[in-house]
Amino acid sequence: MIEEKIKELTGYELPVPAKPLAAYVPVQISGNLVFTAGQLPTIEGKLIAEGKVGKDVTVEKAAECARIAALNCLSVIKAEIGNLDKIKKIVKLTVFVNSSDNFNEQPKVANGASELLIGLFGEKGKHARSAVGVNELPINAPVEIEMIVEITV
Amino acid sequence: MIEEKIKELTGYELPVPAKPLAAYVPVQISGNLVFTAGQLPTIEGKLIAEGKVGKDVTVEKAAECARIAALNCLSVIKAEIGNLDKIKKIVKLTVFVNSSDNFNEQPKVANGASELLIGLFGEKGKHARSAVGVNELPINAPVEIEMIVEITV
Amino acid sequence: MIEEKIKELTGYELPVPAKPLAAYVPVQISGNLVFTAGQLPTIEGKLIAEGKVGKDVTVEKAAECARIAALNCLSVIKAEIGNLDKIKKIVKLTVFVNSSDNFNEQPKVANGASELLIGLFGEKGKHARSAVGVNELPINAPVEIEMIVEITV
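Chains A, B and C, in that order, give the protein sequences. Quick note, the first sequence lines up with residues 1 to 153 if you use the working numbering. Quick note, the second sequence lines up with residues 1 to 153 if you use the working numbering. Quick note, the third sequence lines up with residues 1 to 153 if you use the working numbering.
Among the clues, some could well be false.
Just so you know, same-sequence chains aren't split out, so a pair can sit in one copy or run between any two.
[Unchecked claim] Distance condition first, Cα-Cα at most 30 Å in a straight line; then the derived DSSO-like pairs of lysine-lysine:
id, residue 1, residue 2
1, 46, 126
2, 126, 19
3, 55, 88
4, 61, 7
Bear in mind the hints are in silico, worked out from the structure with no lab data behind them.
Turn these sequences into a full structure, and let the hints steer you where they fit.
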């Protein structure tokens with residue numbers, strides 16, 4: 001059901017899980033908490049935008065990046081738990097925004113992820129969130145997102 | 001009891017919970033863990049200081065910012081759980097410090113939050129903590145703090 | 001057993017736990033989750049390298065920093081739980097990399113930690129991970145790492 005909504009709301013299929021850029025796993029579970037690795041705004045392994053938000057990337061494009069990174073979080077969670085309908089609630093998002101000097105609209109960027117999750121999961125999609133500026137991110141991604149969700153076990 | 005101590009130790013009442021700057025909730029609970037959204041050093045919606053620590057903001061003022069951001073964490077937790085005396089322990093703080101070039105005293109800044117929590121909660125207030133420098137934060141805040149606490153359920 | 005492997009794989013004894021730089025504790029436990037404070041690449045209280053990766057510190061040296069910071073995480077966990085063999089799984093790493101302009105190889109740096117953990121703990125050592133660039137870190141450390149592990153209680 002959630003997967004159908006993803007198509008409906010975003011026009012995208014749930015992405016193929018991105019391979020970790022290195023020596024770790026994309027998801028780890030402890031009890032009923034699922035922790036994702038940091039996910040980037042890639043589609044089929046390619047960034048949809050590159051560089052610093054506020055200089056190389058507009059707020060609107062960066063919000064779309066956040067949306068895709070959140071989809072990639074869901075994608076790796078699904079690969080692990082089999083079915084996104086097992087998600088009981090989205091607990092926490094940390095959204096790192098590759099920020100140019102004087103760029104302070106990290107919350108608007110992060111909304112791309114938050115609004116998607118609320119659109120998809122409704123009440124269960126409401127989450128605590130931190131949006132933080134950073135000066136550099138892996139492969140010069142504009143956004144990196146990590147997610148904690150609670151699942152039914 | 002904790003609320004009385006807040007008044008005593010800080011001279012402030014527990015602040016009115018800040019509204020999220022965007023599409024998320026200030027607190028999410030999973031089991032007996034409470035995760036806050038990133039909180040800024042605002043009083044009645046206004047930052048008590050603005051800009052980069054080490055350039056625009058002194059270490060002392062930034063520590064006061066950390067103290068207020070921690071109070072805002074407690075404020076949103078209280079709005080959710082009803083009573084701060086339900087807190088069993090403060091588990092983890094992440095303190096992001098908006099840092100000017102060559103500013104490396106993030107721990108001194110974060111102490112503003114840590115010392116308050118230990119003052120308020122004593123043994124229960126002892127927490128693991130990361131203090132990290134970042135180049136930009138939402139609305140140009142000097143500090144952003146997120147907190148994980150364990151509650152009795 | 002894990003401690004013997006540490007010697008074998010790294011040539012180091014498990015370090016003496018670093019004292020917190022400030023008013024917090026190095027480890028907090030909630031249920032069967034252990035949260036470490038952010039750990040720096042220090043040996044006997046001294047950084048093994050200093051400054052920004054990509055400018056002052058090579059990727060290779062930074063990966064060694066990540067390895068040492070991860071060892072310091074294990075060291076403070078051991079001081080709390082008594083025996084590293086109680087670790088059921090490494091759940092999550094956040095690796096903050098003090099990054100020069102245009103440095104985007106945070107994952108390679110973080111691999112220093114991830115590869116050590118997988119070498120030490122095998123299947124149990126596989127973890128979710130975020131690698132993030134930041135502009136400054138405490139005492140000008142090249143890397144700061146925080147860890148969440150699950151223990152048997």
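Hints, verified against the model:
Proximity of residue 46 and residue 126 under a CA criterion of 30 Å is satisfied in both settings, with 29 Å inside one chain copy and 25 Å between copies. Within a single copy, residue 126 and residue 19 get their C-alpha atoms as close as 27 Å, and across copies as close as 14 Å, so both meet the 30 Å cut-off. When the C-alpha separation of residue 55 and residue 88 is checked against a cutoff of 30 Å, the pair qualifies neither within a copy, at 38 Å, nor between copies, at 44 Å. In the homo-oligomer, the alpha carbons of residue 61 and residue 7 lie at most 30 Å apart inside one protomer (19 Å), although the nearest pairing across protomers, at 44 Å, exceeds that limit.
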